[in-house]
Amino acid sequence: MRLHGPKTERRKNSDSRSKHILRRVLLTLVTLVLLGLAGMHLLGLITLDNRYNIAEDTVASVLTPLQSGFSSVVESVVNYLYKLKLRANLEIAYNNLKQENEQLVYQAMLADELQKKLTVYEDLYDEISVNESMNPLVATVIEHSSGNYFSVFTINKGSNDGIKELMAVTMDGALVGYTYNVSETKASVRTIIDSQASIAALISSTRDQGTVRGTLGVDGTAMCRMYYLPDDHLPRPGDTVVTSGVGMGFPKGIPIGTVRESTRGMESNKSYIVVEPTVDFEHIEYVVVLRYQPDAEAVQARADSSDSLAYTPLETSKPIPTIQIGSDFYQLAPTPEPTATPTASPINGSSLLTTPAPSALAPAATNGNQSIEYQVPSGLSTGNSYGFTLAPTATPTPSPPPLDVSVEEDQ
Amino acid sequence: MFKKGIKFAILTLLCYLLQSTLAQYLSVWDVAPDLALAIIAVVSVALGRKYTFFMSLAVGYLLEVMLPALDYINLILYPVCAMLGALAFSDKSERKLEEERSMGKRGGNLPAHLRTLLCAMLSMLVFEAVHLLYIYLSGIQLDFGHYRRAIISVVYTTLLAGILQFPIRWWLGIYKLKRAR
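Going line by line, the protein sequences match chains A and B.
Take the first sequence: its position 167, counting from 1, is numbered 167 in the numbering used here, and each next residue is one higher.
Take the second sequence: its position 127, counting from 1, is numbered 538 in the numbering used here, and each next residue is one higher.
Honestly, I wouldn't trust all of these hints.
Claimed, not checked - Derived DSS-like pairs: lysine-lysine, alpha-carbon spacing no greater than 25 angstroms straight-line:
#1 B/K414 to B/K507
#2 B/K414 to A/K12
#3 A/K19 to B/K415
#4 B/K587 to B/K516
#5 A/K85 to A/K98
#6 A/K19 to B/K414
#7 B/K461 to A/K19
#8 B/K461 to B/K507
#9 B/K587 to B/K415
#10 B/K418 to B/K503
#11 B/K461 to B/K415
#12 B/K587 to B/K418
#13 B/K415 to A/K12
#14 B/K461 to B/K418
#15 B/K587 to B/K461
#16 B/K516 to B/K503
#17 B/K503 to B/K461
#18 A/K19 to B/K418
#19 A/K19 to B/K587
#20 B/K414 to B/K587
#21 B/K503 to B/K415
Since the hints were made in silico from the structure, they are not lab data.
Chain A extracted, bound-state conformation (with noise of 0.2 angstroms):
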């Protein structure tokens, strides 16, 4: 430890003493250099001398850069911070706006699938409605087959639900196939444009009839074929090809599709004209099975019916024979009766004789033979969601007339 000399000591306390001094005398300086210009600044504005400024201006003077670097500092500054929160809540806003367009381009999706759904089941309850008859069945498409040659598919459907073999299939008022390999819970269908399918059918403008077969597995088309027909007819392109109810127990009159083009051959066996089918087998979702079985006395009326060429002796003192075309011909319901009963009316001793002609267009069904004709629902003839148009009428005249030959004896 040093000890300080007595003349060190002093010299100490006078340093302390001298910078008490300066700092007393610097806080003096300070107070009274703000209390001047305090004072100044309140003379100004009671006097309203601009003297007492010099000093505001100067002050103002000084601090005026310095405030202005200062400030635009500052902004700079807040402006980046502002842009950051502009930023983040751009990212936000953008955030939600991109999960709002999902959910509602989700929502737009389902709205869509929905009104589809809708659409099939308005047409599949028209058809069901219009051929109640029918005692028609939805079922769902379960399967398909993936081959090139076959066109089959399975449907949720089978012997529990009354389905049974060769019963007509159709989707939005058209024929798409006939039922096999019936089991318990489904059933298969073999569609029209399957090779191995074969259903008889007319051109319900002429009343041509015939068999149609599909062409897939000949030329690897979704096309059917129309083969036996009458050599003396050409059918339009564009005709209505529907079921003729001849052969399985195919309700008449189901749409199959429309003539696209009369491809005829040599041979009569091989003459065929192209159908275009009217069911869109690229998107077959839900099907009606008309599970239509005519009865035992219906299908001996059809087969006595085809019969219709038979000789009718007249009542007359000179009988003659009537070789009468039915207009029933490809009809499922017997030949109605005529009218009138035809007489002898000899007119100058050589006239010819006509036989009444039936008086129904399209014969009614009676109670003995039922004849159930196909009805096109009313909403898919004007356009259905496939974009095809079926024939107007359910019940196509027939065509041509009667045809009545009478010969007369020679008296």
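Using the hints, position chain B against chain A.
Quick look at chain B alone, frame taken from chain A:
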């Protein structure tokens, strides 16, 4: 001493500059805080009444010169409010403490950080009260909106003083003094 004086002068200038440039950007519900009074309150507790007087007078004068909203009001009100806060919450003198002890009281100061908050609140209460009184005397009927703005201003400035006291005290070297003890 000179170092402390320079720091104090810079702080005084900064106090004015922040109040005149930054305060408007810190508005909450359209109420801007009084950054100058917040800093002066920190200085009141950290450096004492003398520095409070210098700072408040300088800031009041600069605001009066550069931003003359009302004649005299900044020049008078800032020193008055600041000195009221400093009188109540700055460090008590040794003589005052001894006097309290002799009267049987505990004789001590509240924590400095708490005193800073109280000092800022008192200063702002006086500041807002004078403004409301001035408005009332001008013939404007005071309503809930006026009181709401005054309360928000007091609370906001007090909170800012509570936040700003840490960097300012650190910059003035108050925490170093505390460790040295």
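Now for the hints, and whether the structure bears them out:
Of the supplied pair hints, the one linking B/K414 and B/K507 is violated, its CA atoms being roughly 29 angstroms apart against a limit of 25 angstroms. Straight-line distance between C-alpha atoms of B/K414 and A/K12 comes to about 22 angstroms, which keeps the hinted pair within the 25 angstroms bound. The suggested pairing of A/K19 with B/K415 holds, with an alpha-carbon distance near 14 angstroms, which does not exceed 25 angstroms. For the hint pairing B/K587 with B/K516, the CA-to-CA distance comes to about 30 angstroms; that exceeds 25 angstroms, so the pair is violated.
A distance of roughly 20 angstroms separates the Cα atoms of A/K85 and A/K98; the hinted pair therefore holds under the 25 angstroms criterion. For the given pair, A/K19 sits about 14 angstroms from B/K414 by alpha-carbon distance, which is consistent with the 25 angstroms threshold. For a cut-off of 25 angstroms, the pair hint linking B/K461 to A/K19 stands: about 18 angstroms separates their Cα positions. Taking the CA atoms of B/K461 and B/K507, the gap is about 17 angstroms. The hint holds against a cut of 25 angstroms.
For the proposed pair B/K587 and B/K415, the alpha carbon gap of about 14 angstroms is at most 25 angstroms, so the pair holds. As the CA atoms of B/K418 and B/K503 are separated by approximately 23 angstroms, the hinted pair is consistent with the 25 angstroms bound. Taken as a hint, the B/K461 and B/K415 pair is honoured in the structure, with Cα atoms around 13 angstroms apart against an allowance of 25 angstroms. With a C-alpha separation of about 15 angstroms, the suggested pair B/K587 and B/K418 falls inside the 25 angstroms cut-off, and the hint holds.
Of the supplied pair hints, the one linking B/K415 and A/K12 holds, its CA atoms being roughly 22 angstroms apart against a limit of 25 angstroms. Of the supplied pair hints, the one linking B/K461 and B/K418 holds, its CA atoms being roughly 15 angstroms apart against a limit of 25 angstroms. Using a Cα cut-off of 25 angstroms, the hinted pair B/K587 and B/K461 holds, with the two alpha carbons roughly 21 angstroms apart. Of the supplied pair hints, the one linking B/K516 and B/K503 holds, its CA atoms being roughly 14 angstroms apart against a limit of 25 angstroms.
Using a Cα cut-off of 25 angstroms, the hinted pair B/K503 and B/K461 holds, with the two alpha carbons roughly 13 angstroms apart. Using a Cα cut-off of 25 angstroms, the hinted pair A/K19 and B/K418 holds, with the two alpha carbons roughly 19 angstroms apart. With a C-alpha separation of about 23 angstroms, the suggested pair A/K19 and B/K587 falls inside the 25 angstroms cut-off, and the hint holds. This hinted pair checks out: B/K414 and B/K587 have alpha carbons roughly 15 angstroms apart, not beyond 25 angstroms.
For the proposed pair B/K503 and B/K415, the alpha carbon gap of about 21 angstroms is at most 25 angstroms, so the pair holds.
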